[in-house]
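*Asks:* So the chains spell out like this:
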Amino acid sequence: MKSWKRAVAVCATLAIVLAACGDGDDASVDPSDLELVTAGTLTICTDVPFPPMEFEDSNTDLGYDGFDIELSAAIAEDLGLEATVATPGWDGITGGLAFEDDQCDIAAASITILPEREENIDFSDPYFNSEQALLVKADSGITTWEGLESVGVQTGVTGEIYANENWEGVEVVTFDDAAGPYLALDAGEVDGVIFDLVSQQDVADNDATVIVIETYDTDEEYGLATKDSPNLLSAINETLAKFRDDGTYDEIYGNWFPEA
Amino acid sequence: MAMKLRQRQRLFRWVMYAIAVVVVVLAIVLGDWERIRFNFFNVEVMREMFPEVITIAARNTILYTLMSFAIGLVGALALALMKLSSIGPYRAFAIGYIELFRGLPALITLILIGFGIPIAFDLRIPGGRVGAGVLGLSIVAAAYMAETIRAGIEAVPRGQSEAARSLGMSANRTMFTIILPQAFRIIIPPLTNEMVLLIKDTSLFFILGTTPLTKELTKFARDFMVEIRNATPLTVAALVYLAITLPLTWLVRKLEKRAAMSR
Numbered sequence: 105m106k107s108w109k110r111a112v113a114v115c116a117t118l119a120i121v122l123a124a125c126g127d128g129d130d131a132s133v134d135p136s137d138l139e140l141v142t143a144g145t146l147t148i149c150t151d152v153p154f155p156p157m158e159f160e161d162s163n164t165d166l167g168y169d170g171f172d173i174e175l176s177a178a179i180a181e182d183l184g185l186e187a188t189v190a191t192p193g194w195d196g197i198t199g200g201l202a203f204e205d206d207q208c209d210i211a212a213a214s215i216t217i218l219p220e221r222e223e224n225i226d227f228s229d230p231y232f233n234s235e236q237a238l239l240v241k242a243d244s245g246i247t248t249w250e251g252l253e254s255v256g257v258q259t260g261v262t263g264e265i266y267a268n269e270n271w272e273g274v275e276v277v278t279f280d281d282a283a284g285p286y287l288a289l290d291a292g293e294v295d296g297v298i299f300d301l302v303s304q305q306d307v308a309d310n311d312a313t314v315i316v317i318e319t320y321d322t323d324e325e326y327g328l329a330t331k332d333s334p335n336l337l338s339a340i341n342e343t344l345a346k347f348r349d350d351g352t353y354d355e356i357y358g359n360w361f362p363e364a
Numbered sequence: 410m411a412m413k414l415r416q417r418q419r420l421f422r423w424v425m426y427a428i429a430v431v432v433v434v435l436a437i438v439l440g441d442w443e444r445i446r447f448n449f450f451n452v453e454v455m456r457e458m459f460p461e462v463i464t465i466a467a468r469n470t471i472l473y474t475l476m477s478f479a480i481g482l483v484g485a486l487a488l489a490l491m492k493l494s495s496i497g498p499y500r501a502f503a504i505g506y507i508e509l510f511r512g513l514p515a516l517i518t519l520i521l522i523g524f525g526i527p528i529a530f531d532l533r534i535p536g537g538r539v540g541a542g543v544l545g546l547s548i549v550a551a552a553y554m555a556e557t558i559r560a561g562i563e564a565v566p567r568g569q570s571e572a573a574r575s576l577g578m579s580a581n582r583t584m585f586t587i588i589l590p591q592a593f594r595i596i597i598p599p600l601t602n603e604m605v606l607l608i609k610d611t612s613l614f615f616i617l618g619t620t621p622l623t624k625e626l627t628k629f630a631r632d633f634m635v636e637i638r639n640a641t642p643l644t645v646a647a648l649v650y651l652a653i654t655l656p657l658t659w660l661v662r663k664l665e666k667r668a669a670m671s672r
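For the record, the sequence lines run as chains A and B. Numbering of the first sequence is given in my numbering, commencing with residue 105 and proceeding in unit increments. Numbering of the second sequence is given in my numbering, commencing with residue 410 and proceeding in unit increments.
Where hints are given, some of them may not hold.
[Unchecked claim] SDA-like mimics (lysine to any residue), calculated; alpha carbons at most 25 Å apart, straight line:
| id | chain 1 | residue 1 | chain 2 | residue 2 |
| --- | --- | --- | --- | --- |
| 1 | A | 241 | B | 534 |
| 2 | A | 241 | B | 531 |
| 3 | B | 609 | A | 193 |
| 4 | A | 346 | A | 156 |
| 5 | A | 241 | B | 533 |
| 6 | A | 241 | B | 536 |
| 7 | B | 609 | A | 259 |
| 8 | A | 346 | A | 137 |
| 9 | B | 663 | B | 475 |
| 10 | B | 666 | B | 602 |
| 11 | A | 241 | B | 526 |
| 12 | B | 492 | B | 479 |
| 13 | A | 241 | B | 532 |
| 14 | A | 241 | B | 527 |
| 15 | A | 241 | A | 156 |
| 16 | A | 346 | A | 166 |
| 17 | A | 241 | B | 535 |
| 18 | B | 492 | B | 568 |
| 19 | B | 492 | B | 595 |
| 20 | B | 492 | B | 573 |
| 21 | A | 241 | B | 520 |
| 22 | B | 609 | A | 281 |
| 23 | B | 663 | B | 594 |
| 24 | A | 241 | B | 537 |
| 25 | A | 241 | B | 620 |
| 26 | A | 241 | B | 521 |
| 27 | A | 241 | B | 530 |
| 28 | B | 413 | B | 424 |
| 29 | B | 609 | B | 651 |
| 30 | A | 241 | B | 525 |
| 31 | A | 241 | B | 528 |
| 32 | A | 241 | B | 540 |
| 33 | A | 346 | A | 229 |
| 34 | B | 609 | A | 280 |
| 35 | A | 346 | A | 217 |
| 36 | A | 241 | B | 529 |
These are computed hints drawn from the structure, not numbers from a lab.
Between the sequences and the hints, there should be enough to build the whole structure, so can you do that?
*Replies:* Spelled out as structure tokens, the structure:
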């Protein structure tokens, strides 16, 4: 189903690329300029579970919660828009197809800004710094990546790229979602999991049988993403800058990373 | 209506033809063929996929299928004999097993086998992820094929076993030398169908995790598609699947025809 949708989306690519010729006028926001999927509503795409950045929570109005969700919902409010959350799949988001398929206005999914991704989607100014971290079983005795025989990663994420480029001799096992690597770690199918530090720390905090043994500074920054919507992108950047100045950003950050 | 039966039939047929023609013409007119060619039949992309799509992806698909089929067939035979057994607990086990694994989606069975067993029993399945996938699929295939084999055994005329027993053969010898050979002749077509289903079910192996060397056709094509943002890999995978399954289904038709003639 997912693949089928993608195939259709690929098919639709050309037409939409040709149709979107915004002129990047960054005067104050008029909602009608934003060319939203649903008028008056900001459709936020994310990929769960990735706590504490984004995860399902049926007790909230949006059905999802987390740092990314709260931040992008605040942006929607600032732009005078309703917010709704969709989860079209990680590959669809970073490949840009979910945007072409009119499933998203913006993506807030802890997406690391990478040149190869910039070919497919347009990033906002960075809003979050991240490192990669290696998590292993606490009783495994592994202390560095060199002790690994195999490592679990989610397909297409920064951890996969890092492991493939830097860890010669370690078998990189890919999974379609973020839950797979941890299941495989529990099952003993992989020795470790490499993922973004924010998420790994959260896993380790909630599960005493695993520990984070190494972090890797990869100069990574998360960006919110749009595609071919220059008006929306500049509106988001303005709001992000405003949030940093007026303390809104720090407040949201404090909600999710209280110790920082 | 004044129309005769035959006239009505002819009219009906022509309406069907007309609808088919309209659909084909609409597809030709409405389809953007340049875009379809670029996205689904991109020769450059196709070239990039070779030889790995054959040497790794198709090879793995076939390998996983054959292994699952072989193990599943042995399990299915045991289950079928248990289900026909006069020993109550055997029958109960066979019925429970078949109902359970026919009722579960194969994907869930794979997850239970691949992750559930190692976590629950601290036990590693031989062959790692591929071993777990093959085992999971074998378990599912055994459930389906057991019913086929049972039906085949029951389709062998009663007189065969009565004659064998009256010649002094033991019950086991009768089953293995007289009944089963005849039963298998009857069920080769449905078993081949089962294999065609298995070929496609190997696409579920991705859930257990993959490395570049263990990808089967679907996962290979999907990853390729994401990487180059073009749907051509799906087309290629589809064609390779057909290249595997069409000869098999052709064989089934042939065997069915032969079986029908030999009756």
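*Asks:* Now look at each hint and say whether the structure bears it out.
*Replies:* Each hint, compared with the structure:
This hinted pair checks out: residue 241 (chain A) and residue 534 (chain B) have alpha carbons roughly 19 Å apart, not beyond 25 Å. Distance check on the hinted pair: residue 241 (chain A) and residue 531 (chain B) sit about 14 Å apart at the alpha-carbon level, within 25 Å; holds. In summary, the hint linking residue 609 (chain B) to residue 193 (chain A) is supported, as the alpha carbons are separated by about 23 Å, within the 25 Å threshold. About 23 Å separates the Cα atoms of residue 346 (chain A) and residue 156 (chain A), which keeps this hinted pair within 25 Å; it holds.
A threshold of 25 Å between alpha carbons decides the hint, and for residue 241 (chain A) with residue 533 (chain B) the separation of about 16 Å falls inside it, so the pair holds. A hinted pair counts as satisfied when its Cα atoms are at most 25 Å apart, and residue 241 (chain A) with residue 536 (chain B) qualifies at roughly 22 Å. Simply put, residue 609 (chain B) and residue 259 (chain A) have alpha-carbon atoms about 22 Å apart, close enough for the 25 Å limit, and the pair holds. A distance of roughly 20 Å separates the Cα atoms of residue 346 (chain A) and residue 137 (chain A); the hinted pair therefore holds under the 25 Å criterion.
The hinted pair formed by residue 663 (chain B) and residue 475 (chain B) meets the criterion: a straight-line CA distance of about 21 Å does not exceed 25 Å. For the suggested pair residue 666 (chain B) and residue 602 (chain B), the alpha carbons sit about 15 Å apart, so the restraint of at most 25 Å is met. Straight-line distance between C-alpha atoms of residue 241 (chain A) and residue 526 (chain B) comes to about 18 Å, which keeps the hinted pair within the 25 Å bound. Restraint check: the Cα-Cα separation between residue 492 (chain B) and residue 479 (chain B) comes to about 20 Å, which is no more than 25 Å; the hinted pair holds.
Between the alpha carbons of residue 241 (chain A) and residue 532 (chain B) the distance comes to roughly 16 Å, so the proposed pair stays at or under 25 Å and holds. The hinted pair formed by residue 241 (chain A) and residue 527 (chain B) meets the criterion: a straight-line CA distance of about 15 Å does not exceed 25 Å. Between residue 241 (chain A) and residue 156 (chain A), the direct Cα distance comes to roughly 21 Å. Compliance with the 25 Å bound is thereby established for this hinted pair. Simply put, residue 346 (chain A) and residue 166 (chain A) have alpha-carbon atoms about 24 Å apart, close enough for the 25 Å limit, and the pair holds.
Taken as a hint, the residue 241 (chain A) and residue 535 (chain B) pair is honoured in the structure, with Cα atoms around 21 Å apart against an allowance of 25 Å. For the hint linking residue 492 (chain B) to residue 568 (chain B), the alpha-carbon distance of about 21 Å falls within 25 Å, and the restraint holds. Proximity of residue 492 (chain B) to residue 595 (chain B) is assessed by CA-CA distance (about 19 Å); at most 25 Å being required, the pair is judged to hold. For the hint pairing residue 492 (chain B) with residue 573 (chain B), the CA-to-CA distance comes to about 21 Å; that is within 25 Å, so the pair holds.
This hinted pair checks out: residue 241 (chain A) and residue 520 (chain B) have alpha carbons roughly 21 Å apart, not beyond 25 Å. Of the supplied pair hints, the one linking residue 609 (chain B) and residue 281 (chain A) holds, its CA atoms being roughly 21 Å apart against a limit of 25 Å. A distance of roughly 13 Å separates the Cα atoms of residue 663 (chain B) and residue 594 (chain B); the hinted pair therefore holds under the 25 Å criterion. Straight-line distance between C-alpha atoms of residue 241 (chain A) and residue 537 (chain B) comes to about 18 Å, which keeps the hinted pair within the 25 Å bound.
The hinted pair formed by residue 241 (chain A) and residue 620 (chain B) meets the criterion: a straight-line CA distance of about 21 Å does not exceed 25 Å. Taken as a hint, the residue 241 (chain A) and residue 521 (chain B) pair is honoured in the structure, with Cα atoms around 21 Å apart against an allowance of 25 Å. For the suggested pair residue 241 (chain A) and residue 530 (chain B), the alpha carbons sit about 17 Å apart, so the restraint of at most 25 Å is met. Between residue 413 (chain B) and residue 424 (chain B) the alpha-carbon distance is near 17 Å, which keeps this suggested pair within the 25 Å criterion.
With a C-alpha separation of about 10 Å, the suggested pair residue 609 (chain B) and residue 651 (chain B) falls inside the 25 Å cut-off, and the hint holds. Among the hinted pairs, residue 241 (chain A) with residue 525 (chain B) is consistent with the structure: their alpha-carbon atoms are about 17 Å apart, no more than 25 Å. Between residue 241 (chain A) and residue 528 (chain B), the direct Cα distance comes to roughly 13 Å. Compliance with the 25 Å bound is thereby established for this hinted pair. For the hint linking residue 241 (chain A) to residue 540 (chain B), the alpha-carbon distance of about 23 Å falls within 25 Å, and the restraint holds.
Under the criterion of a C-alpha separation no larger than 25 Å, the hint pairing residue 346 (chain A) with residue 229 (chain A) is consistent with the structure, at around 12 Å. For the given pair, residue 609 (chain B) sits about 18 Å from residue 280 (chain A) by alpha-carbon distance, which is consistent with the 25 Å threshold. Only pairs whose Cα atoms come within 25 Å are accepted, and residue 346 (chain A) paired with residue 217 (chain A) is accepted, the gap being roughly 21 Å. Between the alpha carbons of residue 241 (chain A) and residue 529 (chain B) the distance comes to roughly 16 Å, so the proposed pair stays at or under 25 Å and holds.
Violation of the numbered hints given earlier is absent; every hint is satisfied by the structure.
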